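Asker: Residue numbers (our numbering), protein chains in the order written: chain X, 5 to 1023; chain B, 286 to 702; chain H, 298 to 399; chain S, 31 to 240.
It is worth saying that the hints were derived from the structure and are not from the lab. Just so you know, these numbers come straight off a predicted model, no measurement behind them. In this text, a Cβ means the ideal position worked out from N, Cα and C, and glycines have one as well. It is possible that part of the hints are untrue.
What the simulated footprint calls covered on chain X by chain H, stretch by stretch (three residues with Cβ under 8 Å from a Cβ of chain H suffice, anywhere in the stretch; the number is not a length) [as the list claims (entries may be wrong)]:
1. 277-285
2. 765-772
3. 906-918
Listed below are the simulated DMTMM-like cross-link pairs for lysine to aspartate or glutamate, each with C-alpha atoms no more than 20 Å apart in a straight line [claimed, not checked]:
4. B/K535 <-> H/D349
5. H/K322 <-> X/E772
6. B/K552 <-> X/E170
7. B/K501 <-> B/D670
8. B/K535 <-> H/D329
9. B/K314 <-> B/E506
10. X/K907 <-> H/E335
11. B/K552 <-> X/E772
12. X/K390 <-> X/E524
13. X/K167 <-> B/D572
14. H/K393 <-> X/D774
15. X/K822 <-> S/D173
16. X/K822 <-> S/D131
17. X/K754 <-> B/D572
18. B/K573 <-> X/E170
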Amino acid sequence: MSGYSQSESLGRTAAVESASSARSQAASASQSHRLRSGGLIDRKVPLQFTFDGQAMTGFAGDTLASALVANGVKLVARSFKYHRPRGIITAGSEEPSALVEMRTGARKEPNTRATTQELYDGLVANSQNRWPSLRRDFMSINQLAAPIFVAGFYYKTFMWPAKFWEKIYEPLIRRAAGLGKSAELPDPDHYDKAWAHCDVLVVGAGPAGLSAALAAGRAGSRVILVEEDSHVGGRLLSDGGEIDGMHAEEWVRSASEELAGLPNVRVLTRTALFGVYDGGVHAALERVNDHVPVPGPHQVRQRVWRIVAKRSVVTAGAIERPIVFPGNDRPGVMMASAVRTYVNRFAAMPGRKVALFTNNDDGWRTVEAIQQAGGDIAAVIDPRGKVPAEYQAVAELSDLRVISGGVSDVKGGVDGVRAVVVTDSNGRTQQIDADCLAVSGGWNPNVGLSCFHRGKPVWREDIAAFVPGDAPRGMRLTGAANGEFSLGACLRDGHAAGAAAAAECGAAGHPGEVSEAGDEAYAISPLWQVRAKGKAFVDFQHDVTASDVTLAQREGFESVEHLKRYTTLGMATDQGKTSNITGLAIMAAATGRTIPETGTTIYRPPYAPVAIGALAGHHRDENFHAWRLTPSHHWAAARGAVFVDTGLWKRAQWYPQPGEKDWLESVTREVLAVRNGVGFCDVSTLGKVDVRGADAGTFLDRVYINAFSALGVGKARYGLMLREDGIVMDDGTTSRLAEDHYFLTTTTAKAGPVMAHLEFCRQVLWPELDVQLSSASDQWAQFSIAGPNTRKLLQALVDPSEDLSNEGFPFMGAREVKLRGGVVARLFRISFSGEMAFEISVPARYGAAMAENLMIAGKPYGVTPYGTEALGVMRIEKGHVAGPELNGTTTADDLGLGKMMSKKKDFIGRVMAGRPALTAPDRQVVVGIKPVDAKRRLRSGAHVMPKGSIAGPETDQGYVTSVCYSPMLQQWIGLGLVERGRERIGEIVRIFDPLRSEDYEAEICNPVFYDPEGVRQRG
Amino acid sequence: MKYSIFSLAKAALSGHKGWTRAWRDPAPKSHYDVVIIGGGGHGLATAYFLAHEYGIRNVAVLEKGWIGSGNAGRNTTIIRSNYGLPGNTGFYELSMKLWERMEQDLNYNAMVSQRGIINLYHSDAQRDAFARRGNTMRINGIDAELLDAVQIRKELPFLNYDSPRFPIMGGLLQRRAGTARHDAVVWGYARAADQRGVDIIQNCEVTGFVRDQNGKVTGVETSRGRIGAGKVGMAVAGNTSRVAAMAGMKLPIESHVLQAFVSEAIKPLIPGVITFGAGHFYISQSDKGGLVFGGDLDGYNSYAQRGNMPVIEDVCEGGMAVMPMIGRVRMLRQWGGIMDMSMDGTPIIDKTPIDGLYLNAGWCYGGFKATPASGLVFAHLLARDEPHHEAARFRLDRFRRGAMIDEKGQGAQPNLH
Amino acid sequence: MRIACPFCGERENGEFTYLGDASPKRPTFAIDGGDSPELVEDAFYDYVYLRDNVAGVMREYWYHGGGCRSWLIAERNTVTHEFISVKAAPGAGAAKPAQAGE
Amino acid sequence: MADFSWNTQTPLAKALVPGRHGAAGATAGVTLTEVRDLVLMQVMARRGKAADTAKAAKKLLGAEPPATPKAVAGKGATLIWSGPDQFTVFAPRGDEAAQLDAMNNAFAGVASLSDQCDGRCLIRVSGPRARDMIAKFSSLDLDDSVFPVGTAANTSVDHTAVNFWRAADGADGHPVYNMLVFTSFADSLWHVIADSSMEYGFEATSARAA
Ligand SMILES: Cc1cc2nc3c(=O)[nH]c(=O)nc-3n(C[C@H](O)[C@H](O)[C@H](O)COP(=O)(O)OP(=O)(O)OC[C@H]3O[C@@H](n4cnc5c(N)ncnc54)[C@H](O)[C@@H]3O)c2cc1C
Ligand SMILES: NC(=O)c1ccc[n+]([C@@H]2O[C@H](COP(=O)([O-])OP(=O)(O)OC[C@H]3O[C@@H](n4cnc5c(N)ncnc54)[C@H](O)[C@@H]3O)[C@@H](O)[C@H]2O)c1
Ligand SMILES: Cc1cc2nc3c(=O)[nH]c(=O)nc-3n(C[C@H](O)[C@H](O)[C@H](O)COP(=O)(O)O)c2cc1C
Ligand SMILES: [Zn+2]
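Just chain X, same shape as in the assembly:
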């Protein structure tokens, strides 16, 4: 339970430190709407915070929303489109309206729900999407244009003149759209990701979840219980009740104590499950340190959990739904269950005179809650007419004003609700003074998680709501999430589900007794909308009104998905948790289809929005990807080498010397040092594969286009591999170290893919062959030593017994040699540079020493370490192809290596390489290119066309693939892929490079610019 316990304690200490007794006095003063007693807040720990710069106080245990309520704040936000004044509507993560900008500077965070943000001392929050101030928002003039700004209006206009879109219309729309501002500095906080494994994952710690976790835990299975809230208990924290004869709060406490005592159970609070993926992988976000000003030292802000669970029990509860009527968005109109949460859990009074509008029994709980808190119920409006049996007594006792009808308007402004206009069943309207309107349109089971594998929820008439349909494998839904709304049922079903899930995972223990509670009735007669004049909102955040829905219907956007996309219903940060069902119900009414026929839109992860930083975890900056270092890396670094990231490798690019003005000067020096003396380069990044077994030769014959079984022991050979589609895959030299042992090398870039390919050939294509493969890439530190003095240098390094003469060690020879000091090395006489050269490998531990010893042995000959740039220059001077030529579209013949293709055997790619278009005479093939004007700089990516031709698709004949400044030819040269190139040696062509505004002439030449006869490497 690492993350959790850590952050918990940290949270408290942070809070405690801030509790200075002086403040405690002041504290309660500002909290005009705070109840004297009760609630799960710690009055001993007052917390200072500011909203829009105004200083206020709350208590430990508050959310930002409950603190605002306690401070009598009603207006907290402006809506997306019309900039209507908005307040707090819910008390959970489904909140559509009360979004604020949290924190400042690099930690600024837009669109945070005030209802889920825990209060901490020094918290700074600001309202968003308003100018200049929340009370006086200039953009609220949009309301005047409201008649035009209906759903989809922008598709019908802003078309003329076309040019105006990017310049005028769009910038206006973009500036108006969006809610908060994001930080524009790198996020300074850290994040990480972790894995967890369990038998049973329980999602949500209300009564159902707690009893499920208890049952599964007692039975002995490995359980993880995740709870989005800072505390376990769910609705029990708000609605109380009696369980096993104890008060609900006590029961929650004893339940969590029992869970804490079970070693096989892990409870993660502040942790929301946001995704359900394949194979039982669940994703959750733990808000480790969002309840403190900044994470402590070595602490992360948030952590993403991937929880691998065999079974899951989703007890995520239900979400109360609003009713659509004019003015239903005024600050002070609140869900009835939220009113109870603020009153009971936070001891904060949303209003002194509360009107209640409900179409179901559950809403009536609010009456008691308000009355017990000492507030008045202005009236209860219930379209069903009569008082539910359970509440008869209460109603009479407090001679409650009960009206059979519906709310048809709400009076008020930026300061919130002033009065509620009610139209009763016989059409008479009356106005009722109230400063808060509690609304309950019934409950929607929280089915989202059950639909993430594209299962569709099913309609249940009796509760007028969708319940989970076919859920992902291994997932059970119970409690309110499954439409079980009585406390007793939630406890029973939770227990049963927990026990069953545990049993399926093989847990043998006893799940213990079921906790008992009453089964209060839940009667509802659906009411979606009160039809009356005025804007009646369905989606509060996106300002989607009932008339937008019917307009969409008129225009043919009848599918719920069209409705969503045309009106943006349910596309806000709350994903329509409080609006989707209502919206589709109104669409159903408009089309005359039933609600189930109309159906729901697709539910997608995340369940609640997740910070991108959390999903990235620690993978940013230098930790973006892993890196690989060569054995001589630190040695090179000490000599001031400049490194370049090639794939994951960090390679020495060149070694600048004091006084050198640029890289070109350094690289040129390195090349000349090699060509005239001797130099060395760490080439350990090459992929190296030990190919062993009786059939190793046959195996290589089939993967390479040329033959290897005939290669003598102690010999090396250049090999080319094709993909099965006939295109070149990779190249490298492979040596035969023993009858049944080849040492194969690949390019740096392709080491991984080639290894996978070879294993595929071994295990899938030719399982009959006796071949074993193992990567030796990291075992060896490999250096290329090149230049006329190479042999002299090596002679000094190897044991005197070793003969390195042309006879004793001919070109393309390969064998083990003993070095002075006893180290055994592998020596290969191969040359990439075209010079007399060797490649030598020693065990990686000697890499640094080898570099040092090469310096010592080569001192008399001015030995020079060189980097990848010089390596590149020399390979281009020699016309050796590399990455830019092996670009995944070239054939062996394009590269001038067609003759290597054996006719005597089948090999990977042989057949497909013969297709007409791959053997056509007009293909682009590798040639050398040198500018006619020797002072000209040639650039890769420039195109080649006939001299004097006009640039166009027809004249485009190829391009320059690789270039370098050749110190030997003392001019820029390059390789290119040019149509019919080999037939055009000597031709002058046009080099066209419009991107860099260059246009000049060059000669097509033999790609081998330097020592074409190859005498030097044999030397």
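Since the structure of chain X is already known, use the hints to place chains B, H and S with the ligands on it.
Answerer: Coordinates of chains B, H and S with the ligands only, in the frame set by chain X:
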């Protein structure tokens, strides 16, 4: 009814009661000259061009769900013509030109927004590859600029230039590229095609083909009955192999899932489209304010329209590497669509070996930008029985001939394209 | 997604790389004489390019490169992503294959 | 003639800074130890020679190689499963050449050997929070019921292959895990492990293989 600020104002007076359906909801007729399978962008655009450009109006578009319910309704809306190989270059530029006049042609605001695309490069090799591509574009009369790090900084000051790993060296910029409001493209073509007589038939799934004794396709079986057709055009994207199988055809196509992501709406942050060359990440910002971003395919064959965590994490890691300021912005929604990945990453628009059956497929993750041109050239093929000159290379037999158009050089490995 | 490697047990799919349909078999042919180049090319074209691409259960190659380096043949439902079975390729490990190529 | 010294360098030469790092506290939550001077040999049975290979192993090392992902102790060596019909022999380095020759001879003709003495770097992770720490970068389930002492796994960390096995619990009663990582990745993976350990506080050391 013509759309304009005036018609809007007028409608406002009557509380917008006056608006009529954007497209009709006709019952299928027994026979059409041309039946298009698939009510995505391509199918609807094809119908529009058949009616508008080639005078063939007795056309039906059959959509198994609601129009735009496939990838047209799921894509990250990038439009561009920055391709490097013959065949692609001209075709995508034709498309770009059609985008530039679409809204006026259709009398529908599809929010075509040419805010530019920048492909960042982080190594000399990448720069050279972009230089080659950019020059190809310029040679074909397409706008392209190669920017260095200093110039990029001017355009995008907020990127992570000091990255110790893959520092930004520059980028390839196409200013005319940008985004468009994907759903609106579907609705715009639907409305315009409908106005020209095309029947758009939703909730009508094609379940088989009707063939005559010579094997010629003469109609389709659907969930709403048999519908006769002079010619049948397939534009079913991720479902291509399934529909082709109904005609006994096997194609060089695999279906793969590509995920995309959108953040909560925030005030304008990102000017145009940015792609991160050293990671799998690209991003833009919708007019509504959401950051719209994505990355690689999940990598396995799929028809599930949803993906898994590894790619989600990979994409967000790329995002944080290149623009660490978005760390606190929240991902709001995540989804997947099914790509018809061809074996060389390039589309196929051609007659099939079966008489009367025509194919428009293989769009991979790049078909949204192609919508208008795809509609035009497919309509041309259906009307004239010969390929449009800008689509002459998108032939089905190119794999057999070895004439692949492989921009990425990955070969017959669809999940790598 | 989790894949049950027959050697390593159930692992995260990040450890595996995907190749695709395992049904096409690499054609064998006589180098000189025998079948006409055309026919051989047709056979290879089929093998390299054409796919059933089924919506449903598919046999496919996965490589446990981030684990035991075995090539695996899985049966997986491309609509639900559920794995039905995962077997080792005939040549994984040192076992002598029952019959070449299968 | 110049003389040459052949000092060896470990891939953690720079990354490993001995001592206490990260969160302060009485005891470090994690201890990271680079285990040096090893002999590592990858042994892959030839086609149809798995049984003979096992015999040869038994003869030379006194233990049958594990047929499933496990690590078994033999005479002065540990045999770690590293794939079907293959395993890695891990031993403290003595007379290296002799050790390697012995294996080459013992397995001649029945198995292919690949010298990995320098191809891998061994990082040992222990301490009360080792498991929580490893959970940040490894998807393995390390619960005792699933991963008891002696269990081995080839897995990947940060997209690179790692041979992982659980050694006998430490003196402090906490589990001990071994991670064999590729030499070229060692510097990078060490940073991953160290970063993951910061919140628990960790002790970094190195020791000769024993
Ligand atoms: C996440 C994601 C991001 C993307 N990003 C981009 C981007 O940025 N830029 C870009 O250019 N492209 C992008 N694409 C690709 C682009 O969306 C597609 O290539 C393009 O939409 C495909 O053409 P379409 O619109 O006709 O396909 P679809 O919209 O998929 O149309 C095919 C239609 O055929 C219907 N259909 C299928 N079978 C039947 C049947 N049997 N009977 C009747 N109807 C049937 C389907 O329901 C569907 O509506 C992206 C795709 C995805 C999934
Ligand atoms: N009588 C009625 O009409 C009615 C209707 C609804 C609920 N209720 C009452 O509400 C209670 C329902 O009990 P319950 O346990 O089913 O639900 P609950 O609402 O009590 O608990 C659900 C818990 O799940 C958490 N949660 C939701 N989504 C989550 C996610 N993605 N990740 C992590 N946590 C998540 C919530 O924070 C909450 O704590 C009962 O007491 C019932 O009587 C009554
Ligand atoms: C450019 C673009 C912008 C989007 N913006 C939002 C958004 O602001 N809010 C939202 O909920 N979804 C948004 N979506 C995602 C859609 O809701 C939906 O998930 C996507 O089109 C795929 O459809 P599906 O989820 O129904 O399969 C956006 C999608 C795209 C392509
Ligand atoms: Zn495995």
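Asker: Evaluate each hint against the coordinates.
Answerer: Results of checking the hints against the structure:
1. 277-285: Result for this restraint: holds, n = 5.
2. 765-772: holds (count 7)
3. 906-918: Our answer is that it holds, as 7 residues pass the Cβ test (under 8 Å) against chain H, meeting three.
4. B/K535 <-> H/D349: holds, 6 Å
5. H/K322 <-> X/E772: holds, 16 Å
6. B/K552 <-> X/E170: Distance ~17 Å between B/K552 and X/E170 Cα, so the pair holds.
7. B/K501 <-> B/D670: holds, 15 Å
8. B/K535 <-> H/D329: Since the Cα atoms of B/K535 and H/D329 sit roughly 30 Å apart, the hinted pair is violated (cutoff 20 Å).
9. B/K314 <-> B/E506: holds, 13 Å
10. X/K907 <-> H/E335: It holds: about 17 Å lies between the C-alpha atoms, which stays within 20 Å.
11. B/K552 <-> X/E772: violated, 63 Å
12. X/K390 <-> X/E524: This hinted pair holds, its Cα atoms lying about 17 Å apart.
13. X/K167 <-> B/D572: At roughly 17 Å apart (the allowed maximum being 20 Å), B/D572 and X/K167 satisfy the hint.
14. H/K393 <-> X/D774: holds, 9 Å
15. X/K822 <-> S/D173: violated, 49 Å
16. X/K822 <-> S/D131: holds, 16 Å
17. X/K754 <-> B/D572: Given that 20 Å is the threshold and the Cα spacing comes to 42 Å, the pair is violated.
18. B/K573 <-> X/E170: holds, 15 Å
The structure fails hints 8, 11, 15 and 17 (numbered hints given earlier, in ascending order).
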